[in-house]
Amino acid sequence: MSDNRVNQPILWTQALTKQVNTGDQQLTILQDIELQVNPGEAVAIIGASGSGKSTLLGLLAGLDLPTSGKVHLDAVDIFSLDEDSRAALRGRILGFVFQSFQLLPALTAIENVMLPLELAATGNAETTARRLLERVGLGQRLHHYPKQLSGGEQQRVAIARAFATDPKLLLADEPTGNLDSATGVQIIDLMFELNREHGTTLVLVTHDEALSRRCARQIRLADGRLVR
Amino acid sequence: MNHFKLSLRMLHRDWRAGELNVLLLALIIAVSGIATVGFFADRVESALARESNQLLGADLLVISSQPLPEQYAGEAQRLGLSVSSLTKLASMISNGDSNLLTEIKSVTEGYPLRGRVHLANQSSPASATEAEIRAADGIPQPGAIWVDEKAMIRLDLKTGDVVDVGVTQLTVTELVVREPDHSVGFINMGPRAIINAADLEKTGLIQEGSRVSYQLLIAGEPHAVQQFRDWAKPQLTKAQRMEGIRDARPEIKAALERSEKFLSLAALASVVLAAAAIALAVRRFTQRHLDGCAVMRSLGASQRQLFYMYVYYFIALGMIASGIGCLLGFAAQQILTHWLTGLVETELPWPNWLPAAQGLLVGLVLLLGFALPPVLNLRSVPALRVLRRDIGLSNAHSMAGYLLGLAALSLLFIWKAQDLKLGLYIVTGFISAIAIFGGLGWLLIRVLAGLRHQAGGAWRYGLASIRRRAVSSVLQAVALGLGLMALLVLTLIQDDLIDDWHTSLPPDAPNHFLVNIQADQLQPLQEFFQQHALEPPRMYPMVRGRLIKINGKEVSAEDYADDLHAERHIRREFNLTWADELEADNQVVQGAWWDNGTQKAELSIEEGIAKTIRVKLGDELTYDIAGSHFSAKITNVRKIDWDTFRVNFFVVVPPGLLENYPASYITSFYVPPTEIHRVHELVKAFPNILVVDVATVIGQVQQMIQQVSQAIEFVFLFTLLAGFAVLYAAIAATQDERIFEAAIFRALGARREQLSRAWAAEFAILGGLSGLFASAGASALGYVIGKHVLHLNYTFNPWIWAVGVSIGVIGVLIAGLLGTRSALSSPPLLTLRKIG
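Here the protein sequences come in this chain order: Z and C.
Throughout the first sequence, residue numbering follows the working numbering, covering 1 to 228 in sequence.
Throughout the second sequence, residue numbering follows the working numbering, covering 1 to 836 in sequence.
Chain Z on its own, in the form it takes in the complex (with noise of 0.2 Å):
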């Protein structure tokens, strides 16, 4: 990474605009969203349910297009790239924790966090698979399938996962909507633990307020607007 990178903000968008056809009607979903997060920042976007959190993310993420406006991920212009320049371009520098998990059911605890590092062909992907499980608490857990853990258990491995390729910048979907709260305060403290330990970037998307107070910044959404 070149020096003058270091001072520029590690994301920031150009007027975001998403809109959808429902038939008959042009539905506005993101309106000119203009927001900037810099290194080692953690940022809480939070709005109400439909308050468009998660097309943003999505985003964010270049895991959707939108219809006008810039992503601007690590200095790149992330849609003027193609879709599997944008997919190498995740797994380079973004982590991600969703709601739902999204572990792969067939795959075991340890295997589930090597994916992303077999994906990017990085050398000894078990140990450091292991290592983070063992972080997380799972050590003992390794060999267990998704199916075999609770749900606190796998949005850990989910977070093993999400720093196995020591990301820059980490992207949460309501980490802890499929929790119950004690379990998922526990997870944010780890979140956050691991944010720190390994200087990552966060964007957090919630509705949760008490859980938006953990970042430094909230950033507002309400109908698709940024609320400053």
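No lab work stands behind these hints, which were simulated from the structure alone.
It should be emphasised that the depicted structure is a prediction, and the values quoted were computed from it without experimental measurement.
Idealized CB from N, CA, C, for every residue including glycine.
Take the hints with a grain of salt, since some may be wrong.
[Said to hold, decoys possible] Once the Cα atoms are required to be at most 30 Å apart in a straight line, the calculated DSS-like pairs of lysine-lysine come out as:
id: 1; chain 1: Z; residue 1: K147; chain 2: C; residue 2: K5
id: 2; chain 1: C; residue 1: K5; chain 2: Z; residue 2: K168
id: 3; chain 1: C; residue 1: K633; chain 2: C; residue 2: K549
id: 4; chain 1: C; residue 1: K553; chain 2: C; residue 2: K611
id: 5; chain 1: C; residue 1: K261; chain 2: C; residue 2: K639
id: 6; chain 1: C; residue 1: K611; chain 2: C; residue 2: K549
[Unchecked claim] Partial selection, computed: residues in chain C whose CB lies under 8 Å from chain Z:
id: 7; residue: R13
id: 8; residue: E19
id: 9; residue: S302
Chain Z is already provided as a structure; the job is to place chain C on it using the hints.
This is chain C only, laid out in the frame that chain Z set:
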């Protein structure tokens, strides 16, 4: 990590987690079915060929009118084949003052290479019981002669008598009851004798100009025989020819070819079933891998990476599953063979490895054709699915995927059918069936769904479910319909084929021919039959004539110098007959049979002989009959069903044209084995009449038919098993959806039996639709294949509709309810949590 390693890991993980169960099972059953049919058919075919070769005394004969050069025997021995030689000539044998023109066979050690010569040391086989008949151990010793019953009777011989053969004397040591290469034709039907080749020269019978047939008998492994055939073909001179059983015996050729066609049909049916099962199973596979692919895409996997991963994944899967299938197929046919040894008297030869290679190839082609295209679409799963589960793949994608599968299947059909015509019929039939079933299924589902408001309880939910899963439902109905159609077609044809054989060669098929009956013997002969309570047979007039002109142009044997077979026909006399009606086992293929009472000089010719002597409809043929000329125009060409063993003629003319020429009569009739002594009485009462016994040949053909029928029935069992794989795959295809549906219904308070009834209604409708499609398709395809490919008298079977629909409803209902038991019993909360 390279793609290959990663894909193997993914494969291993999916396999271990049971994700591949349905696909694996479908593929393994399909390949093992194909391999079993392949291995078994291969062994049965070789066994049948070997058994029928007993009628020839060898697997292959090289025949020549000149002594055969050493190179033929040398090459055969080099290829590891067994050889023996035989010299056949006609000569007088004398016992005192009695002389008899006899066909003498001089044989070398090893004769016959296939089958056995059966002997009895009685003077007449009529008095020899079966227990007194024994298989010969070797050939006549030098100085000995073995003679048949006719020679024994006519020369009044008994064992130990000395006869003159040419300039030497030989001692009669045995009575020949049966010879494997006993000719059924009418050329060599006189008395016969066998001598040792060492005595041939001493007889002084071979002189310049003697009519001698030199034969080299060859037997061994089929591929070595084929190698020899390929090597020898270009070496043959004009005076030499090769004859295998198929060249020599049209009736056996017909039976063998039909059974081979049927067995390939059975293998084809397994291919169709496998394709249907794989298409269904892969749908489930794709759906279950949507999430995984979306996650991988979000984790940075490129489309290219996913593409290679799945290509390697499926090649490896195909190799492993096909390998297992082949091994299972081999084991299954071993069991089958073992089981059959009690039924089949022949020891089956070891199969070759080609069926395994075919099974492997078929498995790979099916998997890569049907599974890979839809699976490769997975690479375009939107990564956004990780956030929004409702995003998936469009159906257009998967539909396009099946096109490649169909193309692959068509190629397999044409290849497996080993017959372009049969392959094309089936391909067209199945592709039309898929299109029609698909369209009709879509329409019917819409119509039925429209009726759901009129329907009560369970039926309403059942119809609603079918409508909701319209694409899956159409696919399931089409796949199940195709599977059932393949099974029904096979059943229909199998029954027709076996029936047809049994009808054409019933247990009382004629087993004796009487030749050279004179006009004044017709009446006494009729009386003889009546006296002995035998059904008097129909007598056919026969006039012998030599073909001398075609369209006024003289013909001679030299004109056919390039074709030994044709040359022989021109040299010898044709048997002509007259008839006003077409025989039941004859079929006019060109022109038209004459009107009753026609006065025109018309002529009907058999299609094979017409081709051999190069004549066609409209040509005028002139025969020399006892010095007078007779001419007539070919007005129709007939095809003869040679399997029936009835009297048939190459050339037939209308009544009124040949009556003034010298004629003799010929007939065929059935004599039960217990009444065989009547034949001997007949020989004594009418010494001039030649009796030709074809009982041995008929017995062998009947036994062969019996074995083929059994083989066909057994092979059918495997096709049925493949049918179950389709059923399993069809039910499993919507299993995940059902588990989810059950969870929601039960969370909303539905009782298990309510759900169960709704699903039963859905399965019954699905099964009914499949059955309906299958019956319609099977009737049409069965007709086409039966009529145009196997040349059977196809009988339309109205029961097929009732049977098809019932099997569809009952089969799908039972399999469906059994298959969804687990979906009903999983706790709803667990499922709903899992779905998130």
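Evaluated hints:
no., hint, result
1, Z/K147 x C/K5, "holds (26 Å)"
2, C/K5 x Z/K168, "holds (28 Å)"
3, C/K633 x C/K549, "holds (12 Å)"
4, C/K553 x C/K611, "holds (18 Å)"
5, C/K261 x C/K639, "holds (20 Å)"
6, C/K611 x C/K549, "holds (16 Å)"
7, R13, "holds (5 Å)"
8, E19, "holds (5 Å)"
9, S302, "holds (4 Å)"
Of the numbered hints given earlier, the model fails none.
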